[in-house]
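S.K.: Chains as they are written, first to last, in our numbering: chain A, 1 to 316; chain B, 1001 to 1316.
These are calculated hints, taken from the structure and not from any lab test. The beta carbon of each residue, even a glycine, is placed where N, CA and C say it ideally should be. Please note that a few of the clues may not be correct.
List time: in silico SDA-like cross-link candidates among lysine to any residue, alpha-carbon distance up to 20 angstroms [what the hints assert, rightly or not]:
| no. | chain 1 | residue 1 | chain 2 | residue 2 |
| --- | --- | --- | --- | --- |
| 1 | B | LYS1131 | A | SER58 |
| 2 | A | LYS47 | A | LEU144 |
| 3 | A | LYS147 | A | GLU32 |
| 4 | B | LYS1047 | A | ASN121 |
| 5 | A | LYS293 | A | GLN239 |
| 6 | B | LYS1047 | A | GLU14 |
| 7 | B | LYS1047 | B | LYS1188 |
| 8 | A | LYS131 | B | GLU1305 |
| 9 | B | LYS1131 | A | PRO99 |
| 10 | B | LYS1131 | A | LYS293 |
| 11 | B | LYS1131 | A | ASP5 |
| 12 | A | LYS293 | A | GLU235 |
| 13 | A | LYS131 | B | LEU1061 |
| 14 | A | LYS47 | B | ILE1006 |
| 15 | B | LYS1131 | A | GLU14 |
| 16 | A | LYS131 | B | PRO1099 |
| 17 | A | LYS131 | B | SER1220 |
| 18 | B | LYS1281 | B | PRO1246 |
| 19 | A | LYS175 | A | ASN258 |
| 20 | B | LYS1188 | B | GLY1165 |
| 21 | A | LYS131 | B | LEU1144 |
| 22 | A | LYS39 | B | PRO1146 |
| 23 | A | LYS39 | B | ILE1006 |
| 24 | A | LYS156 | A | ASN121 |
| 25 | B | LYS1039 | A | LEU144 |
| 26 | A | LYS147 | A | ILE27 |
| 27 | A | LYS131 | B | ILE1006 |
| 28 | A | LYS156 | A | GLY237 |
Derived coverage of chain A by chain B (criterion: at least 3 residues anywhere in the stretch with Cβ under 8 angstroms from a Cβ of chain B; other residues may be distant) [stated by the list, open to error]:
| no. | stretch |
| --- | --- |
| 29 | 11-17 |
| 30 | 201-213 |
| 31 | 278-290 |
There are 2 protein chains.
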Amino acid sequence: MNLSDIGERGAIEEITGLLDSNHPDIIAGPGEDDCAVLKLDGDLEGKILFASDMLTRSRHLPQEMPYSDIGWSAVAVNLSDIASMGGTPRFLTTSLATPDITQQELRDISIGMNRCAREHNAFMVGGDLCKHSELVINCSVVGLAPKNILMRKNAKPNEYLCVTGELGGAGLAAKSITKNLEIPRHTKKKAFEKLFRPQPKIKIGQEISRQGGGAAIDISDGLLISAQQLLNASEVGIQIHTDRIPVDRDIKNAAGKNSITLKQLLEVGGDYEILFTIDDKDKIPSSSTVIGKTLQRKVVMFGDEVLDPGGYDHFK
Amino acid sequence: MNLSDIGERGAIEEITGLLDSNHPDIIAGPGEDDCAVLKLDGDLEGKILFASDMLTRSRHLPQEMPYSDIGWSAVAVNLSDIASMGGTPRFLTTSLATPDITQQELRDISIGMNRCAREHNAFMVGGDLCKHSELVINCSVVGLAPKNILMRKNAKPNEYLCVTGELGGAGLAAKSITKNLEIPRHTKKKAFEKLFRPQPKIKIGQEISRQGGGAAIDISDGLLISAQQLLNASEVGIQIHTDRIPVDRDIKNAAGKNSITLKQLLEVGGDYEILFTIDDKDKIPSSSTVIGKTLQRKVVMFGDEVLDPGGYDHFK
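Can you build the whole structure from these sequences, using the hints too?
M.R.: Here's what the structure looks like:
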């Protein structure tokens, strides 16, 4: 049996099943949430958040992507993990395995990383560098947890299901890289901005936490997989009203003209928005949209359609 | 100009020069030490240590290396960064980019990581997994700093220069992979144990800190480069007495028989021991050896020889 047989989720279950992480200081451990939630020292009140995300040239970083955006993204995907817990990012390390790129390309990566970190009040504090056949960049982040930590497992039935921002832009951009699509120039620009320069939703994550939000997850793997992951962690079902999903009008039009369905857009990752639940309609932050609700029955409904719980898998 | 022109150290200086890490909560930032030293929250007294190390198949992980040792090493090299600050490791994440290995190989990596973490009272708490052409494994570690943090910059002239354990084993093993050497079987076993299963010196690092040690660095890149790095950070010189360097007798004999000089052994990385300074001879931990002293004049003396400040570079 190889990884391609057991799949990415099978592999993650395999690893997490072998790790001995049962300790009162570990509030959320391997595979449980967007970040690990930890007590650093028995005496201290506060909890920290700790996460790592790795990007590789062949899987996440298309040749079209400027080096500054590569640096930005490597940091942004980690900050997004902090955002979806309602936390405050503090420090990041980066490990860079790289071919013999130019000094200017290295500078651009560094400037992109630094800019994304500083725009979100976090700092790059260390890392590692080594030579490699293909660009691989890993960032790790440490942040402070809020009082109300937005854990995936917190969802309860009959809550409002909401999403921040607008979806579909990253999906359209990703599809236009692999297929020759006809997209108006300004729409293309908008879509690629979403894919190449994801904006971690730190402030709105904190607002959701303060407003008493329940569960949250960043939809880095696309809305549909993220909904499935929320279901798996929380033991609730999810009803998504397809007509309420916020998609930019230009993105929607361009998708339609290229015969890309809404579902196909949402199966693609890269929209670093937050999917969350909250039980009080009056407390939903204004910059987010109610797209459905949580159910008793453990199923993800996309409109009238019951979704396959398997979904997208990187290894299979 | 490419990275191969500016070299690894040039590249690291390029990156760190572009990062904006000037903040009172950052006690040691990018490129300064084995770990970043950080205040997590302005109100709290304690400081944390944060580091990342990446291993790639083609540079650090020979085909001969069992998968369990790959997992062990990925954790050990990070714990060694904590050890050389005198700290206490707490939590690790791991990001694994991997070809389509078998389920058992993945298990072995996970078991090796977990074992190394648990033997040093740390926990694996999360990470990332993706498909890649070559095995790349990055771990990041968060730990607690001691009161007396063994920072590289702390060395002063006229201190004792000491090293933990015995050196040369990893160097001999590494050389025997690239060249056909004649080494007795039990010596080979000893040498490979050192290269493939490095033992992070957590307890002795803590002891050095308690005993009032000055500067420390883990000699992951070999004694000679580490001495140079200590010099660069501390503005002191270093005199190494070559006849006092602790090398296992079997390793020394095998090196001699294969015409490998002591200096050649020590130019190779992989001996995860700690090089440190201390000003009181009576306080040197018993499991370490005085191998020289720090000097006023900024130079590394290996016996009578003045070492080239360039040393080994991964990119050039």
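S.K.: All the hints need checking, so say for each whether the structure fits it.
M.R.: Going through the hints against the structure:
In summary, the hint linking LYS1131 of chain B to SER58 of chain A is supported, as the alpha carbons are separated by about 9 angstroms, within the 20 angstroms threshold. Under the criterion of a C-alpha separation no larger than 20 angstroms, the hint pairing LYS47 of chain A with LEU144 of chain A is consistent with the structure, at around 6 angstroms. The suggested pairing of LYS147 of chain A with GLU32 of chain A holds, with an alpha-carbon distance near 19 angstroms, which does not exceed 20 angstroms. For a cut-off of 20 angstroms, the pair hint linking LYS1047 of chain B to ASN121 of chain A stands: about 19 angstroms separates their Cα positions.
Between the alpha carbons of LYS293 of chain A and GLN239 of chain A the distance comes to roughly 5 angstroms, so the proposed pair stays at or under 20 angstroms and holds. With a CA separation close to 34 angstroms, the supplied pair LYS1047 of chain B and GLU14 of chain A exceeds the 20 angstroms bound. Under the criterion of a C-alpha separation no larger than 20 angstroms, the hint pairing LYS1047 of chain B with LYS1188 of chain B is inconsistent with the structure, at around 41 angstroms. The straight-line distance between the Cα atoms of LYS131 of chain A and GLU1305 of chain B is roughly 31 angstroms, outside the 20 angstroms bound, and the hint therefore fails.
Using a Cα cut-off of 20 angstroms, the hinted pair LYS1131 of chain B and PRO99 of chain A holds, with the two alpha carbons roughly 18 angstroms apart. Simply put, LYS1131 of chain B and LYS293 of chain A have alpha-carbon atoms about 34 angstroms apart, too far for the 20 angstroms limit, and the pair is violated. Only pairs whose Cα atoms come within 20 angstroms are accepted, and LYS1131 of chain B paired with ASP5 of chain A is accepted, the gap being roughly 13 angstroms. A threshold of 20 angstroms between alpha carbons decides the hint, and for LYS293 of chain A with GLU235 of chain A the separation of about 14 angstroms falls inside it, so the pair holds.
For the hint pairing LYS131 of chain A with LEU1061 of chain B, the CA-to-CA distance comes to about 13 angstroms; that is within 20 angstroms, so the pair holds. With a C-alpha separation of about 41 angstroms, the suggested pair LYS47 of chain A and ILE1006 of chain B falls outside the 20 angstroms cut-off, and the hint is violated. A C-alpha spacing of about 16 angstroms is found between LYS1131 of chain B and GLU14 of chain A, which places the hinted pair at or below 20 angstroms, so the restraint holds. Distance check on the hinted pair: LYS131 of chain A and PRO1099 of chain B sit about 18 angstroms apart at the alpha-carbon level, within 20 angstroms; holds.
Restraint check: the Cα-Cα separation between LYS131 of chain A and SER1220 of chain B comes to about 17 angstroms, which is no more than 20 angstroms; the hinted pair holds. The hinted pair formed by LYS1281 of chain B and PRO1246 of chain B meets the criterion: a straight-line CA distance of about 18 angstroms does not exceed 20 angstroms. Simply put, LYS175 of chain A and ASN258 of chain A have alpha-carbon atoms about 10 angstroms apart, close enough for the 20 angstroms limit, and the pair holds. Our distance criterion of 20 angstroms between C-alpha atoms is met by LYS1188 of chain B and GLY1165 of chain B, whose separation comes to about 18 angstroms.
At roughly 30 angstroms between alpha-carbon atoms, LYS131 of chain A and LEU1144 of chain B are farther apart than 20 angstroms, so this suggested pair is violated. A C-alpha spacing of about 17 angstroms is found between LYS39 of chain A and PRO1146 of chain B, which places the hinted pair at or below 20 angstroms, so the restraint holds. For the hint pairing LYS39 of chain A with ILE1006 of chain B, the CA-to-CA distance comes to about 42 angstroms; that exceeds 20 angstroms, so the pair is violated. Annotation: proposed proximity of LYS156 of chain A to ASN121 of chain A is violated, straight-line Cα distance about 33 angstroms (limit 20 angstroms).
Only pairs whose Cα atoms come within 20 angstroms are accepted, and LYS1039 of chain B paired with LEU144 of chain A is accepted, the gap being roughly 12 angstroms. Taking the CA atoms of LYS147 of chain A and ILE27 of chain A, the gap is near 13 angstroms; set against the 20 angstroms cutoff, the hint holds. Distance restraint check for LYS131 of chain A and ILE1006 of chain B: the Cα-Cα separation of roughly 13 angstroms lies within the 20 angstroms cut-off, and the hinted pair is therefore satisfied. Proximity of LYS156 of chain A to GLY237 of chain A is assessed by CA-CA distance (about 9 angstroms); at most 20 angstroms being required, the pair is judged to hold.
As drawn, the stretch 11-17 of chain A meets chain B at 4 residues by the rule of a beta-carbon pair under 8 angstroms; at three or more, the given contact holds. Against chain B, the stretch 201-213 of chain A contributes 0 residues with a C-beta closer than 8 angstroms to a partner C-beta. That does not satisfy the three-residue criterion, and the hint is violated. Here the stretch 278-290 of chain A counts 0 residues with a CB under 8 angstroms from a CB of chain B, which misses the bar of 3, and the coverage is violated.
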